[in-house]
Amino acid sequence: LLLPVFQASKYSSLWPLPQKVQISEISFKLSGTSFKIVDAKESSAGSSCSILQSAYRRYYEYMFGSAKKQWGGKNRRADLTELHVWITSPDSECDAYPGVTSDESCESNYASCLETFSQLVYEDEYGAKNINSSKISDFPRFAHRGVLLDSSRHFLPIKVILANLETMAMNKINVFHWHIVDDQSFPYLSRTFPQLSQQGAYHPYTHVYTPADVKMVIEFARLRGIRVIPEFDTPGHTQSWGKGETDLLTPCFSGSKPSGTFGPVNPILNTTYDFMTQFFKEVSTVFPDTYVHLGGDEVDFTCWKSNPDIQKFMEQQQFGEDYSKLESFYIQRLLDIVSTTQKGYLIWQEVFDNGVKLKADTLIHVWKGNQQQYQNEMANVTASGYQTLLSTPWYLNRISYGQDWQGFYKADPQDFKGTDEQKKLVIGGEACLWGEYVDATNLTPRLWPRASAVAERLWSASNVTDIDDAFNRLSLHRCRMVERGIPAEPLFSSYCPHEYKGV
Amino acid sequence: KKKNHHVTRFCCLQSVKGVWPLPQSFTISSERYPLNPQAFYFAYGKQSAAQEGCSVLDEAFKRYFSLIFPDYISGSILQFSEDQPFTVQVSVGLDDCDGYPDENSSEQLYTLCLSTGLETFSQLVYQEDFGSYFVNKTEIEDFPRFQFRGILLDTSRHYLPVRAILKTLDAMAFSKFNVFHWHIVDDPSFPYQSRTFPDLSAKGAFHPMTHIYTQSDVRRVISYARMRGIRVLPEFDSPGHTQSWGKGQSDLLTPCYRGSTPSGTFGPVNPALPSTYKFMATLFKEVSSVFPDSYIHLGGDEVNFSCWKSNPDVRAFMQKMGFGTDFTKLEAYYMENIVNITTALNKTSIVWQDVFDYHERIPKDTVLHIWKGDPASYEAELSRITKAGYRVLLAAPWYINHISYGQDWRNYYTVQPLNFSGTEEQKKLVIGGEVCMWGEYVDATNLTPRLWPRASAAAERLWSDEKQTSNVDKAFPRLQDFRCKLLRRGIQAEPLFVGHCKHEYQGV
Numbered sequence: 001l002l003l004p005v006f007q008a009s010k011y012s013s014l015w016p017l018p019q020k021v022q023i024s025e026i027s028f029k030l031s032g033t034s035f036k037i038v039d040a041k042e043s044s045a046g047s048s049c050s051i052l053q054s055a056y057r058r059y060y061e062y063m064f065g066s067a068k069k070q071w072g073g074k075n076r077r078a079d080l081t082e083l084h085v086w087i088t089s090p091d092s093e094c095d096a097y098p099g100v101t102s103d104e105s106c107e108s109n110y111a112s113c114l115e116t117f118s119q120l121v122y123e124d125e126y127g128a129k130n131i132n133s134s135k136i137s138d139f140p141r142f143a144h145r146g147v148l149l150d151s152s153r154h155f156l157p158i159k160v161i162l163a164n165l166e167t168m169a170m171n172k173i174n175v176f177h178w179h180i181v182d183d184q185s186f187p188y189l190s191r192t193f194p195q196l197s198q199q200g201a202y203h204p205y206t207h208v209y210t211p212a213d214v215k216m217v218i219e220f221a222r223l224r225g226i227r228v229i230p231e232f233d234t235p236g237h238t239q240s241w242g243k244g245e246t247d248l249l250t251p252c253f254s255g256s257k258p259s260g261t262f263g264p265v266n267p268i269l270n271t272t273y274d275f276m277t278q279f280f281k282e283v284s285t286v287f288p289d290t291y292v293h294l295g296g297d298e299v300d301f302t303c304w305k306s307n308p309d310i311q312k313f314m315e316q317q318q319f320g321e322d323y324s325k326l327e328s329f330y331i332q333r334l335l336d337i338v339s340t341t342q343k344g345y346l347i348w349q350e351v352f353d354n355g356v357k358l359k360a361d362t363l364i365h366v367w368k369g370n371q372q373q374y375q376n377e378m379a380n381v382t383a384s385g386y387q388t389l390l391s392t393p394w395y396l397n398r399i400s401y402g403q404d405w406q407g408f409y410k411a412d413p414q415d416f417k418g419t420d421e422q423k424k425l426v427i428g429g430e431a432c433l434w435g436e437y438v439d440a441t442n443l444t445p446r447l448w449p450r451a452s453a454v455a456e457r458l459w460s461a462s463n464v465t466d467i468d469d470a471f472n473r474l475s476l477h478r479c480r481m482v483e484r485g486i487p488a489e490p491l492f493s494s495y496c497p498h499e500y501k502g503v
Numbered sequence: 001k002k003k004n005h006h007v008t009r010f011c012c013l014q015s016v017k018g019v020w021p022l023p024q025s026f027t028i029s030s031e032r033y034p035l036n037p038q039a040f041y042f043a044y045g046k047q048s049a050a051q052e053g054c055s056v057l058d059e060a061f062k063r064y065f066s067l068i069f070p071d072y073i074s075g076s077i078l079q080f081s082e083d084q085p086f087t088v089q090v091s092v093g094l095d096d097c098d099g100y101p102d103e104n105s106s107e108q109l110y111t112l113c114l115s116t117g118l119e120t121f122s123q124l125v126y127q128e129d130f131g132s133y134f135v136n137k138t139e140i141e142d143f144p145r146f147q148f149r150g151i152l153l154d155t156s157r158h159y160l161p162v163r164a165i166l167k168t169l170d171a172m173a174f175s176k177f178n179v180f181h182w183h184i185v186d187d188p189s190f191p192y193q194s195r196t197f198p199d200l201s202a203k204g205a206f207h208p209m210t211h212i213y214t215q216s217d218v219r220r221v222i223s224y225a226r227m228r229g230i231r232v233l234p235e236f237d238s239p240g241h242t243q244s245w246g247k248g249q250s251d252l253l254t255p256c257y258r259g260s261t262p263s264g265t266f267g268p269v270n271p272a273l274p275s276t277y278k279f280m281a282t283l284f285k286e287v288s289s290v291f292p293d294s295y296i297h298l299g300g301d302e303v304n305f306s307c308w309k310s311n312p313d314v315r316a317f318m319q320k321m322g323f324g325t326d327f328t329k330l331e332a333y334y335m336e337n338i339v340n341i342t343t344a345l346n347k348t349s350i351v352w353q354d355v356f357d358y359h360e361r362i363p364k365d366t367v368l369h370i371w372k373g374d375p376a377s378y379e380a381e382l383s384r385i386t387k388a389g390y391r392v393l394l395a396a397p398w399y400i401n402h403i404s405y406g407q408d409w410r411n412y413y414t415v416q417p418l419n420f421s422g423t424e425e426q427k428k429l430v431i432g433g434e435v436c437m438w439g440e441y442v443d444a445t446n447l448t449p450r451l452w453p454r455a456s457a458a459a460e461r462l463w464s465d466e467k468q469t470s471n472v473d474k475a476f477p478r479l480q481d482f483r484c485k486l487l488r489r490g491i492q493a494e495p496l497f498v499g500h501c502k503h504e505y506q507g508v
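As given, the protein sequences belong to chains A and B, one line each in that order.
Residue 369 in full-length UniProt numbering is what sits at position 369 of the first sequence, and the numbering runs on without skipping anything.
Residue 267 in full-length UniProt numbering is what sits at position 267 of the second sequence, and the numbering runs on without skipping anything.
Derived from the structure by calculation, the hints contain no laboratory data.
Certain hints may be false.
What the hints assert, rightly or not - Simulated pairs of lysine to aspartate or glutamate, DMTMM-like, Cα-Cα distance not exceeding 25 Å: (1) 501(A) with 170(B); (2) 501(A) with 440(B); (3) 410(A) with 468(A); (4) 305(A) with 322(A); (5) 243(A) with 129(B); (6) 501(A) with 217(B); (7) 502(B) with 322(A); (8) 368(A) with 408(B); (9) 62(B) with 481(B).
The task is simple: from the sequences and hints, build the whole structure.
Rendered as structure tokens:
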């Protein structure tokens, strides 16, 4: 078995690859004792900007954490002693949340610039930190670069969520899609309906996210330029909701008697919509992002079909036998409810496929099918004028033997037949790590560095496709994540100068 | 206390939580005893051949106390309690407290395999919702179906820190694995620091200081394993899989030729030079003394002949020896020499099946390690090799480095090691099996969740009675519980499917 031969890339260990980069041969020494990251005189942001100050400290630790810092030692000549960060945006967004319109060009966005700078720092054979003089101009190809985590199939302790937010920032991922509840468990502790988690979580105390937990995740993400988009998926995927909210789910029937089991959310009761109104009102205040994900996928019609009240309703509404009309009826009302909370929404592709009437700024999330099928879907969605996100080729929960990161790297969200206008409607994509087989014991190595491949595809230029160069850079980037305490798994036979210190 | 008379099992397995692998005979009653950590003792029975001062057992008692009472912090205020002291009395038939586990450790009588009995007992203790500990009255009679139950770790494709190896040994003991097959060196790197040939790791390791196993590291692993009744079987694989050996031992590997000039690359070990055998004899002399197990794995797999073919000296040697152009004869010649070396050192050899397939003349007590192919292939190989009178180990269905989406533990669980055509005598030659975790895509960042609990599925297949453990659906809840137990014990075992454990993994 021959090893893919690792060779140094001319782009060093940069990941994702910046839009324009030139690294010269001229190197400068950096010293941990004398190096400072400071606001430039001309910067519109200053020492009161908490986001920046946190970031300066974080990146200092990344760059010099492994080096021994001596106090008051001989002031050996360091070539480079200061990094000046110059924020040019007129209103310093220090206390704002990152949003869909955030300018992430390196000229403006501290987070991506600092990350890139820290990636240029390397250790020479004497263990000293160096950086080569470089010229970089950078901005992301796509504005929405996300990772989905599923905390319902398995509860994810806060610590592992935070560690992965940290890692997302290292990869310039800027959206955390929190698929927080689903059939199996409801860990979200709702202020308005505390019985939802009381009855629906795996355990009401040890397997829940309190309001403080949620705040912590949101703030931690904010400091790293990451948006938190929650998903409360209905009307399917809601088994756990029914434990604390009786009458929410449809009772299934066996002949003329209730079978004891329940199906999707009951779309014919007014109480359903009263509940959703109050629930999403809370959600809209707890989660500051301007968007919320409403799910809408995989609705199984069998239970609805079996219920006599629903059958009556179908007749009254003249839907005939077409239950997708009933699904649309529900979704329509839900979307109207959410609109009143001033949020935009994302929905899985089924909602579009079933012809539901959607607002113009709806984001459609494509997740189904083989390559041909999702490319067709992307074409159809954008032809209808909707913005879209791609996830289909990036279901990272689907593991297989070998270097599958290469397949993720090759997929391109704009790879479909369409006009330039259509392609502009593709605002990005998301790597999904569904939780059927994943929890804190194996999440981080399963996500990284495989999600890094997706991160580069969504950030770098479309012609960055050299897989051998990617292997070289990604190998080093992976070792860097390990050095920063993240158990990112190996790409292939190899070693890192600083191996993972956990067990 | 383990009773020795035969007990008929009548009870429902559903009530058995987290006992894995399933004992041969196991009856649990509803009568239960509360356990108070402050009034709980392990003691040696009067008839026990081993008594106080037996290092392995004393260590085990300490270790199992913490495993049984994970919440107990010693030094807590002594509570007034009327609990009768609960004593687990341990008796062993043979005192080998200072010995190493070996192939004969009949895991019933010997001291070193008392760990399996303690392990079973520890799995029976459970906590109620209020935190109190209980154990139900249980009758157990237990012994393993196969005596060789191994895990292979590969520390060449990726270096594994000693800590990761020790953690694996802990988890192995929980599933009653008893052999650690250490595939210590291979093509990519040579981390074993030899005292006779220090250049091997100085030039062949990924890094000569940080990515090596010193002699004391190796001793540590062996002693840690010994305390858990686990044998350490080293593998020094040759003549293939040796690229890293050539860095520190020039002239060991065959120089490949392009036409009439050396190409600059190297192939397998050079079988045509006497210096090769001198080197191997010296190296294996060291290995035999460093590793106390009476078995040694010599590899012998996947030898690529093209480099040998290209080398004129090797071709000349072939002529001289009368091998013609049949390079399998050259490989046979090489392997036979190596096996002779280790035999002279009083070790029994284990080799990969390739050695048998190439019709090499090997001592009758050599064990063949079957690794290739689908069930049809390996079943045929099992028949062939046992028919020829050799003992075999089965690894082919348990290459758990081959990950896939879904509950693949079921595939490992449903393997039938004796499902091949052969006589009863032949079937007796199957001494066990091995779970292989090859290292191409594995290092300390993902080793533990990838190994556990999937390897445990194979553990039950190797220990338990096949008839009682043929239903995957019945095994599922028990394995899920066992997995939660592993978490409780600090093993980062991944989930089988959706669900939760009372105590989740709190790391990253």
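Hey, residue 243(A) versus residue 129(B), does the alpha-carbon distance stay inside 25 Å? Holds. Residue 243(A) to residue 129(B) sits at ~22 Å (cutoff 25 Å).
Holds or violated: are the alpha carbons of residue 62(B) and residue 481(B) at most 25 Å from each other? Between residue 62(B) and residue 481(B) the Cα gap is close to 24 Å, so the pair holds against 25 Å.
Between residue 368(A) and residue 408(B), does the CA-CA distance stay at or below 25 Å? holds (24 Å)
For a C-alpha distance cap of 25 Å, please report whether residue 502(B) and residue 322(A) respect it. violated (44 Å)
Hinted pair, alpha-carbon criterion (25 Å max): residue 501(A), residue 440(B). Please report holds or violated. holds (19 Å)
Can you confirm whether the C-alpha distance between residue 305(A) and residue 322(A) stays at or below 25 Å? Judged against 25 Å, a Cα distance of about 10 Å means the pair holds.
Given hint residue 217(B) paired with residue 501(A) - CA-CA distance at most 25 Å: Answer holds: residue 501(A) to residue 217(B) is near 17 Å, not above 25 Å.
Keeping to a limit of 25 Å between CA atoms, is the pair of residue 410(A) and residue 468(A) held or broken? holds (12 Å)
Can the restraint linking residue 501(A) and residue 170(B) be considered satisfied, given a maximum Cα separation of 25 Å? holds (18 Å)
The earlier numbered hint that this structure contradicts is number 7, and it is the only one.
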